[in-house]
Amino acid sequence: MSERKPHVTIYTDGGCAPNPEIGGYGAVLIFDDRQEELSGGNPESTNNRMELTAAIVALKALDQPHTIDLYTDSSYLKNGITRWIDDWIRRNWRNVKNADLWQQLYVETEKHDITWHRVRGHADNRWNERAHQLASVEIRKVRSDADTANAPNELPDTPVKIYICGRYNYKKEIGGWGAFIIENGRERELSGVIERKTSSNQLSLIAATTALNTIQSPAEITVFTDNEYLQKGISQWVKGWIKNNWQTSTRKPVKNRELWEELIAASEKHTVYWEYESRSDSPHLQAAKLAVKDIKWYQ
Numbered sequence: 001m002s003e004r005k006p007h008v009t010i011y012t013d014g015g016c017a018p019n020p021e022i023g024g025y026g027a028v029l030i031f032d033d034r035q036e037e038l039s040g041g042n043p044e045s046t047n048n049r050m051e052l053t054a055a056i057v058a059l060k061a062l063d064q065p066h067t068i069d070l071y072t073d074s075s076y077l078k079n080g081i082t083r084w085i086d087d088w089i090r091r092n093w094r095n096v097k098n099a100d101l102w103q104q105l106y107v108e109t110e111k112h113d114i115t116w117h118r119v120r121g122h123a124d125n126r127w128n129e130r131a132h133q134l135a136s137v138e139i140r141k142v143r144s145d146a147d148t149a150n151a152p153n154e155l156p157d158t159p160v161k162i163y164i165c166g167r168y169n170y171k172k173e174i175g176g177w178g179a180f181i182i183e184n185g186r187e188r189e190l191s192g193v194i195e196r197k198t199s200s201n202q203l204s205l206i207a208a209t210t211a212l213n214t215i216q217s218p219a220e221i222t223v224f225t226d227n228e229y230l231q232k233g234i235s236q237w238v239k240g241w242i243k244n245n246w247q248t249s250t251r252k253p254v255k256n257r258e259l260w261e262e263l264i265a266a267s268e269k270h271t272v273y274w275e276y277e278s279r280s281d282s283p284h285l286q287a288a289k290l291a292v293k294d295i296k297w298y299q
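Position one of the sequence shown corresponds to residue 1 (our numbering), numbered consecutively onward.
These are computed hints drawn from the structure, not numbers from a lab. Remember, it's a predicted structure, so these values are computed and weren't measured experimentally. Idealized CB from N, CA, C, for every residue including glycine. Honestly, I wouldn't trust all of these hints.
Stated by the list, open to error - Straight-line Cα separation of at most 27 Å, DSSO-like style, residue types lysine-lysine; simulated pairs:
# : residue 1 : residue 2
1 : Lys289    : Lys243
2 : Lys252    : Lys289
3 : Lys78     : Lys232
4 : Lys161    : Lys239
As the list claims (entries may be wrong) - Just the calculated beta-carbon pair ranges, DEER-fashion:
#  : residue 1 : residue 2 : range
5  : Thr67     : Arg257    : 26 to 34 Å
6  : Lys239    : Thr67     : 41 to 49 Å
7  : Glu275    : Lys252    : 26 to 34 Å
8  : His117    : Arg196    : 43 to 51 Å
9  : Glu110    : Gln236    : 30 to 38 Å
10 : Gln236    : Arg126    : 26 to 34 Å
11 : Asn169    : Thr67     : 19 to 27 Å
12 : Glu110    : Asn169    : 53 to 61 Å
13 : Asn213    : Arg120    : 22 to 30 Å
14 : Arg34     : Asn213    : 39 to 47 Å
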C-alpha cells in the first residue's frame, strides 16, 4: 500500500506595473501545521511570466511529492497547464510564448498530484489577496532599487479599489463620470457632469485621474473600468506612445494626449493595476449610476 502524500493548498499571483516592465510574484503555501510565503521581483517581465514564476517557485519549494490544490486568478496559467500544454509538447514547443517557463512548470507538476482552481482576482479572497500583496511589495522593491531617490513610502496593508465609469449622450452633447472608491474599509463617491462635446473615453480618463488625485499617500490601487480604451491604453499602449513622441504606430497624433499625461502624473506615486470589469459587478454598477445621476438623458 503506497504512502499517502501530504497535502498543501497554494495561492499564487504575479503581475507587472506597468505591463510589460517591473514585475513581482507572490505565493502562499498552507500546510496542515504551518503557512509559508514566497515572493520575488524582476525589473523586466510581463504579467504572464510573473504568474508562471509564482507557480514554479511555489512547487519547487516542496521537498517531496504532495497532493495540491493550487489557486490562481490567471486564466492563462490555468488553461495553459490543464488544456494547452499537451499540444505544445507534441509540437515541440514551437511558437509557444514563455516556453522556457512552461517547460520548468511542466517538470514540477509531474512530481505532484495537482488540482488547479481559478479564482476571481480582487474578489476579497483572503489568500489570493495576500499573494497579490506579496507580488505588489516586490514590484515596489524593484522600483525602489532602480530609483531610490523617488522611492514611495510604505504602502498600506489594505489595497485601494476604484471603480470608474464615463457616459456620454452624443445627441444632447452632455456627459457624466462617476467613481466609487473603497479605501481602508471606507466608501467614497465622486461624480461630475460635462455639458459640451466630449466622449465616453474622455470621461473615463477624467474619472480615473480625479479619483487617483484624491488618494493622498502612496498606495496600492486597483482601478476597475468597463472602458477598454482606458484599460489597454494605460497598461499596454502608453509606453509606445511616449517612446514615439506621442504618435501612434501609424504616425498619427495620439488622441486625448493632455488627458493621458494628467492620468500618468496622477498614477506616478502609486502602484496601480488596471482591470477591465463589466458593470454587472455591483461596485461598478454604483459608479455607472454616479456617472448619470445628474444628467437628464431623455428630456
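Tested hints:
Only pairs whose Cα atoms come within 27 Å are accepted, and Lys289 paired with Lys243 is rejected, the gap being roughly 37 Å. Taken as a hint, the Lys252 and Lys289 pair is broken in the structure, with Cα atoms around 35 Å apart against an allowance of 27 Å. Under the criterion of a C-alpha separation no larger than 27 Å, the hint pairing Lys78 with Lys232 is consistent with the structure, at around 23 Å. Taking the CA atoms of Lys161 and Lys239, the gap is near 24 Å; set against the 27 Å cutoff, the hint holds.
The given range of 26 to 34 Å is broken by Thr67 and Arg257, whose C-beta atoms sit roughly 54 Å from each other. Distance hint check: the CB atoms of Lys239 and Thr67 are about 42 Å apart, consistent with the given range 41 to 49 Å. At roughly 28 Å, the beta carbons of Glu275 and Lys252 sit within the given window of 26 to 34 Å. Separated by about 48 Å at the C-beta atoms, His117 and Arg196 satisfy the suggested range of 43 to 51 Å.
At roughly 34 Å, the beta carbons of Glu110 and Gln236 sit within the given window of 30 to 38 Å. Under the hint 26 to 34 Å, the C-beta atoms of Gln236 and Arg126, about 30 Å apart, fit the expected range. At about 56 Å, the beta-carbon gap between Asn169 and Thr67 misses the expected band of 19 to 27 Å. For the pair Glu110 and Asn169, the beta carbons lie near 57 Å from each other, so the given range of 53 to 61 Å is met.
Taken as a hint, the range 22 to 30 Å holds for the pair Asn213 and Arg120, whose Cβ atoms sit roughly 28 Å apart. Arg34 and Asn213 have their C-beta atoms about 43 Å apart, which keeps the hinted 39 to 47 Å range intact.
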